[in-house]
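Undergrad: Could you slot chains B and X onto chain P? The hints should help.
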Amino acid sequence: MPYQVVIGLEVHAELQTRSKMFCACAVVDPTQAAPNTAVCPICLGMPGVLPVVNQAAVELALRVALALDCQVAASSLFARKNYFYPDLPKGYQISQYEQPLAVNGRLPILTSQGERIVRIRRVHLEEDTGKLTHIQRGAESYSLVDLNRAGIPLLEEVSEPDLRSVEDARTYAEGLRALLRRVGASSGDMEKGAIRFEANVSLRPAGSDELGTRVEIKNLNSFRAMESAIRDQVARQSATLDAGGQVQQETLGWDDLNNTTFSQRSKEEAHDYRYFPEPDLPPLAVDDVWQARVRAALPELPHAQLQRFMTQYDLPETDARLLTEDAATAAYFDHLAAPQHGIAPRAAANWLLGEVFAWLNQTGGGMGSLPLTPAGLAELVRLQEDGTVNLPTAKRVLASMLESGRGAGEIIAQEGLSQVSDGELIAGLVHQVLDEHSHELAAYLSGKDTLVNWFFGQVMRLAGGKANPAVVRQELERQLHSKKA
Amino acid sequence: MLCDLPAHELTRLLKARQVSALEILEDSLKRIDQVDGRPGTLTPGEITAEDQCKVHAFITLTAERARAQAQAVDDKIAAGEDPGALAGAPVTIKDIFTVAGVPSTAASRILANFIAPYSATPVVRMEQAGALVLGKVNLDEFTYGSSTESSAFQPSTRNPWNTERVPGGSSGGSAAAVAAGEGALSLGTDTAGSIRQPAAFCGVVGMKPTYGRVSRYGLIAFGSSLDCPGPLARNVRDAAQMLQVIAGRDRRDSTSANRPVEDYLAGLEGGVKGLRIGLSPDYFRITFPDPANGEYIQQPLPQEIEAAVLRAAQVYASLGAEIVEDVPMPNTRYGIPAYFVISRVEAASNLHRYDGVKYGYRTPKPQTDLRQLYRASRAEGFGRQPKLRILMGMYVSAAQYSAQYYQRALRVRTLIRSDFEQAFDSANPRRIDLLLTPTTPTTAFPMGAVYGDSVLMQYADQLTVPANHAGTPGLSIPAGLAADGLPLGIQLLGADFSEALLLRAARAYEAATASQPSEGYKKK
Amino acid sequence: MSLTLAEVEHIAALARLELTPEEKERFRAQLSAILDYADRLQAVETSDIPPTSSVLPPHSALRPDEPRPGLSLGEALTNAPLTEDDQFRVPPVLE
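Chains as they are written, first to last, in the numbering used here: chain P, 1364 to 1848; chain B, 2 to 525; chain X, 2 to 96.
Worth flagging that the hints you see were computed from the coordinates, not collected in a lab. Among these hints, one or two may not hold up.
Derived pair list, reagent style DSBU-like, types lysine-lysine, alpha-carbon separation capped at 35 Å [as the list claims (entries may be wrong)]: (1) B:Lys55 x P:Lys1444; (2) B:Lys16 x B:Lys77; (3) P:Lys1494 x B:Lys366; (4) P:Lys1444 x X:Lys25; (5) B:Lys55 x B:Lys31; (6) B:Lys366 x X:Lys25.
The shape of chain P in the complex, shown without the other chains:
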């Protein structure tokens, strides 16, 4: 029986603030900092402490909410989510429940079936928990708690169950991550846990409108884990339904090591979080003026930019995706392909995605570390396109530019790298090569056609690599042909 897969994603993103959500402790990288060295009475949940909201966290949350086209509440409430766990110092998490910061947004994604809109149910602010590390030492089993991460601002985005395939889920997750990075809200570094996913998966008979029972899978810390977990769950649910059984609503964790889900019974009892409005915080006021300012300052968003690059520059989707992956690259390309530089966008794309990216990969830096302006690169591309230098030379010139900081024209002039296209000169070189290699010439004339490439190489070598390849080929063909006669 054909089933339709229905997926909703919940994304938790750490916001790139300098201090925590409710206290002034520095936000540190919990994988680097020594344990419990970025804590204070507030994030330790000591008796008598009170939370104070970080303005920058609200600002970043607003950017995301408005970028997702949400309705932002002029007044929203923080709420306590009560449960017991060692990584939760107060025994409750300050989150938002009944009146969140924003609702009813949308994120367009480009799938194999074209553009789809994924609806965003809500976006809200909360604080992160600490880190619990399980230790097994022989027969001894225990856990250690580091509270450096406790209190770091988190933004939670919940989608409607609008996703219909694993691929869609992946595209959505990547798109949301790109948006979060683009507006400067989150680093998006999944290895450091800056973004975490939870998937809600259900199946229903194809054509049905009703939602099936959903299973929640937590602890998905990479795209790969997300895809594997969803596929695994779809397979399990299909099998259950095929056999005439019913899917049980449950919450599962994902074990990346063993590629399987496991039951999270320990948190099941915590289903009733006994939410109530946080009495220690007044309603969060976000007025129209603030919203308008944030909206006006939003950068071009990744999806819109992707569409623009494809249409404006006539680029294939793969190239456009690579060029718009981060704001710096896209901005560089917009400059590079600007009309005043006089180079074709496709050529610009080839150079940027090819030679320049290769250099960046090697040096390990981002676009910001590139010691080459768009204008400078454009000059080189023009000189290659107009035949002043051939392609291999141009690549060498680029390397030289990146190393020395000199301009293309300057390097070509100083080192006399101009491509030789003079017919007479080339004719002379070809003649010389054929003369000096009578043995090979004889072999060619008696049938070894492939030697034409060897002659080509010799001419290029004699020319110091600077000869116009097309002219060489043409001349070589002409002279060889005349020898045959």
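TA: Then chains B and X, alone, in the frame of chain P:
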């Protein structure tokens, strides 16, 4: 005796270099030595006959620390610098506030060894104003109670007027200390009357400011939307001066009011001429459901209590105030049930953090399972009253009951507040400036009696808790002695941020009646 | 409103409180009585009345995003019942 002088008088003498801070301190320490007996501990053993004659206000005495503070004040005076508005005033701190480097116990085993790394904002402000902190005084465990008896630190505090009686609660240690001359001032908290009721029982002045007027940072939380830190003192001027020092916005408390602090002393002697002071029939009786059939019945307050308030009304009338009778406050009867629900939801949540992981008591029994660690530590660390409140709070905030209990209580709270809004509304032709009521339906009851069947004791908070729901301020001032020789208190209630008016009216009554409750102590 | 022992046990489990049999019965009786009293609120007409979860108006109490030093490691751990490797140590969650 220096320790019996008003705080403002001590500061005056100090600044006039007629006495030193160290002398004031030593005198207070001598008084403590004479009257307090042993401080409360977790392992009191038997309560002796001697114990039963002492006040036992203290959990932790901080004599050395206070000496250093006194020395600093004396140094400042010697150097010609301003030592502060509370300079030299010996004060006690209800042990529900954190004081850095000193145990902050909340009168609970679960925090018996907790040394806070920071001090509560009101404490910091008092210390910066030159006050000498004598130590932490006793209270009902986590402030749950109205007699201080539920403290895990025994012997618990006794009423200095009659040590067979309770001092009230939860700020019992504060009120008793002030009454007995162990410090001139005390910092307490009022969540349902826990400053005003013990103040009335011990014959001192006690004030609950407007919610948000004084920072809650460093106040170990009980009912977060109800808790108010406030002053206890032996006279109105001292209470006003202390409020002046502790009031005001604190960036560490997002619920602290962003509103300038008035000068509470400037108009203190201004009198009550032309003020409209109201009396409400709803405050002269206890309205409660008949256990037999659930119908509301009313029990009038004891004649003596009512008489004290009426006498006060006469005093005010003679001072030129207009007395407005029959002010309706119809939702008063719902104060306690709404309080039960709201405060316990918040309390249960506020007590989640006591889990034996980061600080506080952890069960010494070896544990192999985290859940067992929680269960045992909390069971052994909490006393009966916190457990009861936690269980109740969990129940009424559970998803399936929340609408029925918690949501509904929040709406009833709006109704309670509307009684106050209506009474003080300038558009109301019968509007009043202040409401005059009894503070409590009884005088201090005997030790051990609070958990009995008396309606008056069960519903005692009915007269004080409405102001906590409404967020409005109130204070209790001594109004003489009852026939049983115990102090009586009368209460003044005002609109939001009307502390200056309340203090002015209280001062007028005090001046007119010149009552000196501390005389009662000297009788011993 | 009479609570059963089972309900008391359930709440106690949620609250992570171990109760003795005597406590269970005592609390059962006390809670039932208090809930009875709280039930009085059912009769109050509140359909048009908005809830007051706080007497405060919405206002801005936001903090600028400036990190400040907090507690030293020693201060953070000094009250801890049990630590190891500069972290708080707890038994594992067994299920």
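Undergrad: Run the distance test for B:Lys16 versus B:Lys77: straight-line Cα separation, threshold 35 Å.
TA: Within the cut-off at roughly 10 Å; holds.
Undergrad: Next pair to validate is B:Lys55 with P:Lys1444; report whether the Cα-Cα distance is within 35 Å.
TA: violated (45 Å)
Undergrad: Quickly compare the C-alpha distance for B:Lys55 and B:Lys31 to 35 Å and report which way the hint goes.
TA: holds (14 Å)
Undergrad: Hint check: B:Lys366 vs X:Lys25, CA-CA at most 35 Å. Holds or violated?
TA: Roughly 22 Å separates the two Cα atoms, so the pair holds.
Undergrad: Just to be careful, I want the Cα atoms of P:Lys1444 and X:Lys25 compared with a cutoff of 35 Å; is the pair within it?
TA: holds (27 Å)
Undergrad: Taking 35 Å as the top limit, are the C-alpha atoms of P:Lys1494 and B:Lys366 close enough?
TA: holds (26 Å)
In this structure, the one hint that does not hold is number 1.
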